[in-house]
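Asker: Once you have looked at the hints, place chain B on chain A.
Residue numbers (the working numbering), protein chains in the order written: chain A, 1 to 360; chain B, 361 to 431.
Straight-line alpha carbon distances no greater than 25 Å define the calculated SDA-like cross-link-like pairs of lysine to any residue that follow:
1. B/Lys383 - A/Gly112
2. B/Lys383 - A/Arg209
3. A/Lys82 - B/Lys383
4. A/Lys34 - B/Ala391
5. A/Lys72 - A/Leu352
6. B/Lys383 - B/Phe397
Hints listed in this document are in silico derivations from the structure and should not be mistaken for laboratory results.
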Amino acid sequence: MLAAVLPEDRFDALYHVYDGGGVEVTGPSLLLRKLVGENTSLTANYYVDAISSASIDVVSSASPYRERRVEKSLGVDYLHDKTIFSLSYTDSDENDYSARTAHFGISQGLFGDLTTVRMGYSRGWDAVGRRGDGTFAEEIVRQNYRLGLSQVLTEDLLLDVGFEAITDQGYLNNPYRSVRYVDSVSARGYSFEPEVYPGTRTSTALALRALYYLPYRAALKGEYRYFADTWGIDAMHWEVGYTHPWRERWIFDARYRYYMQDHADFYSDLFPRLGAQNYLARDKELSTFTSHTVGFGVSYEFTPQEWRYIDKGSLNLYYDYMRFDYEDFRDLRVSGVGAGEEPLYDLSAHVLRLYVSLWY
Amino acid sequence: MRALLIVVACAALAGCAVEPWVKPYERQHLADPIMSFERGPAASAYLNHVHQARESARGAESGTGGGCGCN
Numbered sequence: 001m002l003a004a005v006l007p008e009d010r011f012d013a014l015y016h017v018y019d020g021g022g023v024e025v026t027g028p029s030l031l032l033r034k035l036v037g038e039n040t041s042l043t044a045n046y047y048v049d050a051i052s053s054a055s056i057d058v059v060s061s062a063s064p065y066r067e068r069r070v071e072k073s074l075g076v077d078y079l080h081d082k083t084i085f086s087l088s089y090t091d092s093d094e095n096d097y098s099a100r101t102a103h104f105g106i107s108q109g110l111f112g113d114l115t116t117v118r119m120g121y122s123r124g125w126d127a128v129g130r131r132g133d134g135t136f137a138e139e140i141v142r143q144n145y146r147l148g149l150s151q152v153l154t155e156d157l158l159l160d161v162g163f164e165a166i167t168d169q170g171y172l173n174n175p176y177r178s179v180r181y182v183d184s185v186s187a188r189g190y191s192f193e194p195e196v197y198p199g200t201r202t203s204t205a206l207a208l209r210a211l212y213y214l215p216y217r218a219a220l221k222g223e224y225r226y227f228a229d230t231w232g233i234d235a236m237h238w239e240v241g242y243t244h245p246w247r248e249r250w251i252f253d254a255r256y257r258y259y260m261q262d263h264a265d266f267y268s269d270l271f272p273r274l275g276a277q278n279y280l281a282r283d284k285e286l287s288t289f290t291s292h293t294v295g296f297g298v299s300y301e302f303t304p305q306e307w308r309y310i311d312k313g314s315l316n317l318y319y320d321y322m323r324f325d326y327e328d329f330r331d332l333r334v335s336g337v338g339a340g341e342e343p344l345y346d347l348s349a350h351v352l353r354l355y356v357s358l359w360y
Numbered sequence: 361m362r363a364l365l366i367v368v369a370c371a372a373l374a375g376c377a378v379e380p381w382v383k384p385y386e387r388q389h390l391a392d393p394i395m396s397f398e399r400g401p402a403a404s405a406y407l408n409h410v411h412q413a414r415e416s417a418r419g420a421e422s423g424t425g426g427g428c429g430c431n
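Just chain A, same shape as in the assembly:
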């Protein structure tokens, strides 16, 4: 964000699709932003994930399921001189999980608006349930601390640095997921037991972003983030992006993102015996893996003469291809091999974003 300026009045209607690894997630996201008076901007978001899951996890040790998550947010930004104060509240609900989050942020323009510093704090209260078990009720408290700095370096170069620390406390594992252990009595050579996670997790992330204006009116974007947490996971990603306007109304985008992480200390694809250690995880999101994302997008801007209250609009279509290669998570759909000798799992996913933006 450049300087202390409230965001423009706009409305976005997005339809999103994620399809990969036996999981399909679709739904709308509606985002409305409106200035009230000269110094206050209100924002409201309505977001839905309609999930149909037959992922490797549920195929291996549970049943496919369908569910729906609805997220609603309200926020207010208040501008005073070169300072913006932000408050927001988010409510997310699905049949076995609900999350409420309150956020406070402040950003300040400095040095002739070449520098913007920002800080934020969020606190979240999650309630974890389990389908078919009315007696199961657990909680999580989450806290996020954010610091950031945006800097204009030259007429063509913007730099942004962001830091965020997050602490979670409560029931952090998934109530449906299991780990497997070597069991010579079982015909397939292994059995399952419920996973057990620590009750706390603290993570830190540091991100560096740069945006450069090329001489022929195009933009080059670079991003790097390093992540570490108290579960022993180290991760990093980098991304490059290119934005190219064409004629007056078209904008084309391309991006590539590379991500890698090391597994959690208590993760194993196959534990040596039942109850082998205090904490047990076989969640592929906690395993060692790499992922590649390649994305393309096109935006078309229009200026409707006949719509009295609309200044301009844009129609946007973005497609991303994602590929995940797991290095210590095996595909249990393959039988007839020894326990721990199944092929490593991988998946490809397609992500589509179609949206209309209107400025008024």
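Answerer: Then chain B, alone, in the frame of chain A:
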């Protein structure tokens, strides 16, 4: 500690006196809509959610957010 405070105070005072080296009339490139880390806020928030739900890494994403209810 006292020395650190003096250094910080001096830096702050010196900083306030800094002349903006990119003048307001030299910022037409920076004001171009293509020079934005997130042109579509709803679409960017969604993409952050897609990555966050499938990776252990989280935080310091572009844009602010109130967190996601993903577990």
